[in-house]
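Q: Just so you know, the protein sequences line up as chains A and B, in that order. Every letter in the first sequence is one number past the one before it in the UniProt record's numbering, and letter 24, counting from 1, is 24. Every letter in the second sequence is one number past the one before it in the UniProt record's numbering, and letter 73, counting from 1, is 73.
A couple of the hints might just be wrong.
[Unchecked claim] Within a straight-line C-alpha distance of at most 27 angstroms, the following computed DSSO-like cross-link-like pairs (lysine-lysine) qualify:
1) B/183 x A/275
2) B/385 x B/395
3) B/395 x B/308
4) B/77 x B/240
5) B/395 x A/21
6) B/268 x B/385
Derived from the structure by calculation, the hints contain no laboratory data.
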Amino acid sequence: MGANSGPGASPCASPVGPWRKVLYARQPFPDNHVDRRFLEELRRNIRVRQYRYWAVVRETGLVAQQVSCVAVFITLWSCMDQGRLGPSVLLWAATGCALPGYGLYEMLGGKDRERPRLADLQSAAVFLAFTFGFSPVLKTLTESVSTDTVYAMSAVMLLAHLLSFPYTQPSPPGSLSLNAALFASVCLASRLPGALHTFAMLSWALLVFALWPCLLHRLRERAEWSFPWAAGLVCAGGVGGLGAVWPGGALLLSLALLVLTLACPLLLVCLQRHKDNIHGPWDEAEIREDLSRFLS
Amino acid sequence: MGQKKRSGRVHPPTCPSETQPPAAARTLDPPNSSKARGFGREERARHRICMVSDFFYPNMGGVESHIYQLSQCLIEKGHKVVIATHAYGNRRGIRYLTNGLKVYYLPLQVMYNQSTTTTCIHSLPLLRCVFVRERVTVVHAHSSFSAMAHDALFHAKTMGLNTVFTDHSLFGFADLSSVLTNKLLTVSLCDTNHIVCVSYTSKENTVLRAALNPDIVSVIPNAVDPTDFTPDPSRRDNSKITIVVVSRLVYRKGIDLLGGIIPELCTKHHDLYFLIGGEGPKRIVLEEVREKYQLHDRVRLLGALDHKDVRDVLVQGHIFLNTSLTEAFCMAIVEGASCGLQVVSTRVGGIPEVLPDELVTLCEPTVSSLCAGLETVIARQRSGKVPPPADIHSKVRTLYTWRNVAERTEKVYDLACRQPVLPLPARLQRLQSHCGAFAGFIFSFLAVIDFLFLFFLQWLHPDHLIDVAVDASGPHSCWGPSFKKKAKDSNRAWPPGADTRHC
Numbered sequence: 001m002g003a004n005s006g007p008g009a010s011p012c013a014s015p016v017g018p019w020r021k022v023l024y025a026r027q028p029f030p031d032n033h034v035d036r037r038f039l040e041e042l043r044r045n046i047r048v049r050q051y052r053y054w055a056v057v058r059e060t061g062l063v064a065q066q067v068s069c070v071a072v073f074i075t076l077w078s079c080m081d082q083g084r085l086g087p088s089v090l091l092w093a094a095t096g097c098a099l100p101g102y103g104l105y106e107m108l109g110g111k112d113r114e115r116p117r118l119a120d121l122q123s124a125a126v127f128l129a130f131t132f133g134f135s136p137v138l139k140t141l142t143e144s145v146s147t148d149t150v151y152a153m154s155a156v157m158l159l160a161h162l163l164s165f166p167y168t169q170p171s172p173p174g175s176l177s178l179n180a181a182l183f184a185s186v187c188l189a190s191r192l193p194g195a196l197h198t199f200a201m202l203s204w205a206l207l208v209f210a211l212w213p214c215l216l217h218r219l220r221e222r223a224e225w226s227f228p229w230a231a232g233l234v235c236a237g238g239v240g241g242l243g244a245v246w247p248g249g250a251l252l253l254s255l256a257l258l259v260l261t262l263a264c265p266l267l268l269v270c271l272q273r274h275k276d277n278i279h280g281p282w283d284e285a286e287i288r289e290d291l292s293r294f295l296s
Numbered sequence: 001m002g003q004k005k006r007s008g009r010v011h012p013p014t015c016p017s018e019t020q021p022p023a024a025a026r027t028l029d030p031p032n033s034s035k036a037r038g039f040g041r042e043e044r045a046r047h048r049i050c051m052v053s054d055f056f057y058p059n060m061g062g063v064e065s066h067i068y069q070l071s072q073c074l075i076e077k078g079h080k081v082v083i084a085t086h087a088y089g090n091r092r093g094i095r096y097l098t099n100g101l102k103v104y105y106l107p108l109q110v111m112y113n114q115s116t117t118t119t120c121i122h123s124l125p126l127l128r129c130v131f132v133r134e135r136v137t138v139v140h141a142h143s144s145f146s147a148m149a150h151d152a153l154f155h156a157k158t159m160g161l162n163t164v165f166t167d168h169s170l171f172g173f174a175d176l177s178s179v180l181t182n183k184l185l186t187v188s189l190c191d192t193n194h195i196v197c198v199s200y201t202s203k204e205n206t207v208l209r210a211a212l213n214p215d216i217v218s219v220i221p222n223a224v225d226p227t228d229f230t231p232d233p234s235r236r237d238n239s240k241i242t243i244v245v246v247s248r249l250v251y252r253k254g255i256d257l258l259g260g261i262i263p264e265l266c267t268k269h270h271d272l273y274f275l276i277g278g279e280g281p282k283r284i285v286l287e288e289v290r291e292k293y294q295l296h297d298r299v300r301l302l303g304a305l306d307h308k309d310v311r312d313v314l315v316q317g318h319i320f321l322n323t324s325l326t327e328a329f330c331m332a333i334v335e336g337a338s339c340g341l342q343v344v345s346t347r348v349g350g351i352p353e354v355l356p357d358e359l360v361t362l363c364e365p366t367v368s369s370l371c372a373g374l375e376t377v378i379a380r381q382r383s384g385k386v387p388p389p390a391d392i393h394s395k396v397r398t399l400y401t402w403r404n405v406a407e408r409t410e411k412v413y414d415l416a417c418r419q420p421v422l423p424l425p426a427r428l429q430r431l432q433s434h435c436g437a438f439a440g441f442i443f444s445f446l447a448v449i450d451f452l453f454l455f456f457l458q459w460l461h462p463d464h465l466i467d468v469a470v471d472a473s474g475p476h477s478c479w480g481p482s483f484k485k486k487a488k489d490s491n492r493a494w495p496p497g498a499d500t501r502h503c
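Pulled out of the complex, with its shape left as it was, chain A reads as follows (with noise of 0.2 angstroms):
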């Protein structure tokens, strides 16, 4: 390094040749110079999606609809809370939603199933014989909790699902989001007069939260045209069933799901003029490649 090689020296009079970007060689440029060709390496913005108004507003549908369907499970509860609806008929409506969306999505599934319907039989089998058996259990099981914490929790919970439901990635629902749902779930059923109110409330919760999702899924992949409908159709049955018990939460809930679909992508598309992404050498190189075909 030369006298004037530290930093704060002046830059030199005359520099041999242009600053280069290398470490191994001496030159007689201080240590703290900044060239011309300082950040020439920087990037923005290089692998931001433009998106459009109404592709966003499409894909809103899915988190629309599933937000009606907590409504549609709320409606149901408190029909049969007031003893609107008792349970047989419930049960019924059940398995007429039941049977036809089974066959539809068998329906759409193609040729390639793996698991035999003997399975699914037994599957279904095995779990309405357990809320059977055990709705006695389940209606108890909250007594000694007192009905505000239930209903609070119960609050909770469906939040939670709403929030950790994996919208990217719908079929089959995330453990998390499924849980929380069925949570919720036993502790409104604990509240309602009678086991087999209990029962009936489970099965529509499994409906609800776990078996439709998966249905949407397939539509979604198999009859790409249908599924603004079928959103479009929960979300009305949301609004209506809830109009039926309560008439303000109707209006909330269609203001709600406006906001959702309508003014949350416009904000995203505008936000999106703002977005500021630096790229440069100096990030973490990504492994693109699918390397586990080297181990299996």
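Given chain A's structure and the hints, the job is docking chain B onto it.
A: For chain B alone, kept in the frame of chain A given last:
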């Protein structure tokens, strides 16, 4: 450090700290006092430097050896250096290393990965004690992962000392953890006098992360002790080609890529052997590959290596392979080249700046690109067109030396000491204008608390009652450089083997 000998205090007659208000900037020794110390050396300012980092011996790594070697060379140049780090198990209190390098192992709680907890406040009493005792003029903190380094910068500014920071690593911008860390770095560096980075890429990264003025950031590369890494062609087995990898076996070092390269090349070349030194969570990947392709005789995993054994492993190979995914400087490839090996490396971070093209083959961080690069080097090796190891060594040995690093760092200290340390009002203004409203407010508040705490400590233990430590070079430096000349350079070897314990 609680006990203080009230008697037998050694105060040089011209100790500047006593004649100045406590929180004001300490100046350097006036020239006449350094002349009084004699030895007819050039009249450069002598600095009293305190290196602070969580990472130091017995921990091993790039930062640790950097601090040690730099300190040794600065001592050689006549500066006074002490090191402050946290206690490592039984190793607490004060220890002396080679050439009287004093290390304070302070009893601070380790939180994660050898980094201490930070509250910005609690380490002030201990660090103040060190700074006052050693009459420190420059606080030099190392590594952005070290909470203690940031704490020390914070306190040093409160005490009116000049500050220098060396950043040893690269960091991204995209995820939540880097957003938070970068904010803390912005806060920590906004009023630091000078910053040192180890490569130009690292400088760009640090300037962007901490929103700095690039003029106060210097680039001073790391160095390698060339006497530690000498070639020895007789140790090679020339009937086969050996590829050496020495690195921690972690994701960031690209061990997954290595797991793809090994089967690709081993099926093509039957005289190819891999020698892999290092330990880490990705060892399992290499073991699985070795198991699946039945390469037990051709892929040897040596496990963790002591620093002194690295050279013995390197000289057994023909080709040195580095598969890092990110790297600020990469000492490993310099060490490999210094041992006379052909170096193949990924082109990431600061690596392209480190070695000239004739000494390194750079590839993209993919299995196919690295294999292609290795194939060309293997072909060159077979045809005998590679320069002899001694030639490569002689090219590399002068590129990066610790003496050069120390010389350039000395200039950074000179520059930092000429700059003013911001008084509290200006510092608060800087914090609020540089770090955003929210973080600025919080850290201004902490700066005020720190200042008040310092006031309290100065009332409790006034500076003039704290003993001034006797330098390891003896009172009035009478065992100074001329005394040390007798000691040979070989004593400087990292890691410091024997150290004496302060009683």
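Q: It remains to establish, for every hint, whether it holds in the given structure.
A: Cross-check of the supplied hints:
1. B/183 x A/275: 18 angstroms, holds
2. B/385 x B/395: 17 angstroms, holds
3. B/395 x B/308: 23 angstroms, holds
4. B/77 x B/240: 46 angstroms, violated
5. B/395 x A/21: 19 angstroms, holds
6. B/268 x B/385: Roughly 21 angstroms separates the two Cα atoms, so the pair holds.
In this structure, only the earlier hint numbered 4 is contradicted, and the remaining ones agree with it.
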